[in-house]
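Novice: Listed below are the residues making up each chain.
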Amino acid sequence: MDTRTNEEWLSDLRGEKKDQAIGDLRKILKRGLIYSLSSRIKTDLEHQVEDFVQDAILRILDKLDTFRGESKFTTWAQKVAVRVAFTEMRRKRWEDISIQDLLPEDSGDFTPLVLSDPSPDPEKRATQASMLKMVEEVLSEDLTDLQRTAILAIIQGGMPLEEVARRMDTNRNALYKLLHDARKQIRDGLQAKGFNAEEVLATFENG
Amino acid sequence: MKLSSETIQKLMHAVKSTRDEELDCDHCYDELHRFIEIKLSGKNAAEAMPLVQEHLDRCPPCREEYEVLLEALKALSM
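Same order as they appear, the protein sequences are chains L and C.
Residue 178 in this note's numbering sits at position 178 of the first sequence; the count goes up by one each step and never skips.
If you want this note's numbering, it's the 1-based position in the second sequence plus 1000.
In case anyone wonders, no lab produced these hints; they're calculated from the structure.
A virtual CB, placed ideally from N, CA and C, is assigned to each residue, including glycine.
Mixed in with the good hints, there may be bad ones.
To be verified - Lysine-lysine pairs mimicking BS3-like chemistry, simulated, CA-CA at most 25 Å apart:
id: 1; chain 1: L; residue 1: Lys-177; chain 2: C; residue 2: Lys-1010
id: 2; chain 1: L; residue 1: Lys-72; chain 2: C; residue 2: Lys-1039
id: 3; chain 1: L; residue 1: Lys-177; chain 2: C; residue 2: Lys-1016
id: 4; chain 1: C; residue 1: Lys-1043; chain 2: L; residue 2: Lys-72
id: 5; chain 1: C; residue 1: Lys-1010; chain 2: L; residue 2: Lys-30
id: 6; chain 1: C; residue 1: Lys-1010; chain 2: L; residue 2: Lys-124
id: 7; chain 1: L; residue 1: Lys-184; chain 2: C; residue 2: Lys-1010
Unchecked claim - Chain C regions said to be covered by chain L (calculated; three or more residues, Cβ under 8 Å):
id: 8; stretch: 1007-1015
id: 9; stretch: 1032-1046
id: 10; stretch: 1062-1069
Claimed, not checked - Facing chain L, a subset of chain C residues (Cβ under 8 Å, in silico):
id: 11; residue: Glu-1054
id: 12; residue: Asp-1057
id: 13; residue: Leu-1076
Sequences and hints are given; from them, build the entire structure.
Specialist: So, in structure tokens, the structure goes:
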């Protein structure tokens, strides 16, 4: 089935053998997705995978000109299929959840922060409270509302980047860049107060 | 607002691994098929393409897709 060279895949998908090539590609993508997603999709796996493959084939045909021959064609095509599958799975998984559902209580009023699970050791608790206040100040003073909301939705709420991006009317890559800037600002903000992330971590790790 | 110590730790781990220059999700995706074929050939993909490895280490959605793609391609090679 996968005996075509990259050039043959491209010429067949563009030429008279298109239907046969699409049929062969469909089988390859389906087999790969069924195997790799079987632990993540518990019901109706085959039907869902068929939908993913159908969408992936359309995407692959649309993006055929962007394939640069840097890998086997089927590796590139399977990559597209995996992206299509995850985009849909994440959309379904998170469709009824808003960003506000994931944020800590009273996130509109960012202060005061209170540790919800303080250490039982009074001395350590005091140190943690002091570090927490400093982190709070950095988050409050050095990040924009958008950065703060996004980073908390992802880190505290566990929402995937693309789902946060969808709710913020942006895309996954732009959001990654926004979060990258936010992380750098937090790093620099801690540094300006004479600390770094390792020191804050040491205060909270191991209870 | 109540933040758990787990949230603080996750945040600090994310900050700790921050580099001034990072590969973003689009660039990682653009390179992923090359990275994964190096991996499948038994060579050290992390050494060959360290920026891709770093992005996968810090970006859970990209890492998840990479892991599933790797499983899919292994299944197809069986």
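Novice: For every hint, state whether the structure bears it out.
Specialist: Tested hints:
Of the supplied pair hints, the one linking L:Lys-177 and C:Lys-1010 holds, its CA atoms being roughly 18 Å apart against a limit of 25 Å. This hinted pair checks out: L:Lys-72 and C:Lys-1039 have alpha carbons roughly 14 Å apart, not beyond 25 Å. A distance of roughly 17 Å separates the Cα atoms of L:Lys-177 and C:Lys-1016; the hinted pair therefore holds under the 25 Å criterion. The straight-line distance between the Cα atoms of C:Lys-1043 and L:Lys-72 is roughly 17 Å, inside the 25 Å bound, and the hint therefore holds.
In summary, the hint linking C:Lys-1010 to L:Lys-30 is not supported, as the alpha carbons are separated by about 36 Å, beyond the 25 Å threshold. Straight-line distance between C-alpha atoms of C:Lys-1010 and L:Lys-124 comes to about 19 Å, which keeps the hinted pair within the 25 Å bound. A threshold of 25 Å between alpha carbons decides the hint, and for L:Lys-184 with C:Lys-1010 the separation of about 15 Å falls inside it, so the pair holds. Closer than 8 Å: that is the beta-carbon criterion, and the stretch 1007-1015 of chain C has 9 residues meeting it against chain L, so the requirement of 3 holds.
Under a criterion of three residues with beta carbons nearer than 8 Å to beta carbons of chain L, the stated coverage of the stretch 1032-1046 of chain C is upheld, 5 such residues being counted. A count of 4 residues in the stretch 1062-1069 of chain C with a Cβ less than 8 Å from any Cβ of chain L is obtained; the coverage claim is therefore met, three being the minimum. Hint status for C:Glu-1054 relative to chain L: violated, with the closest Cβ pair at about 12 Å, above 8 Å. Because the beta carbon of C:Asp-1057 sits about 14 Å from the nearest beta carbon in chain L, more than 8 Å, this interface hint is broken.
Satisfaction of the interface hint for C:Leu-1076 is found here, the shortest Cβ-Cβ separation to chain L being roughly 5 Å, below the 8 Å cut-off.
In summary, the structure is inconsistent with hints 5, 11 and 12 from the numbered list given earlier, while agreeing with the others.
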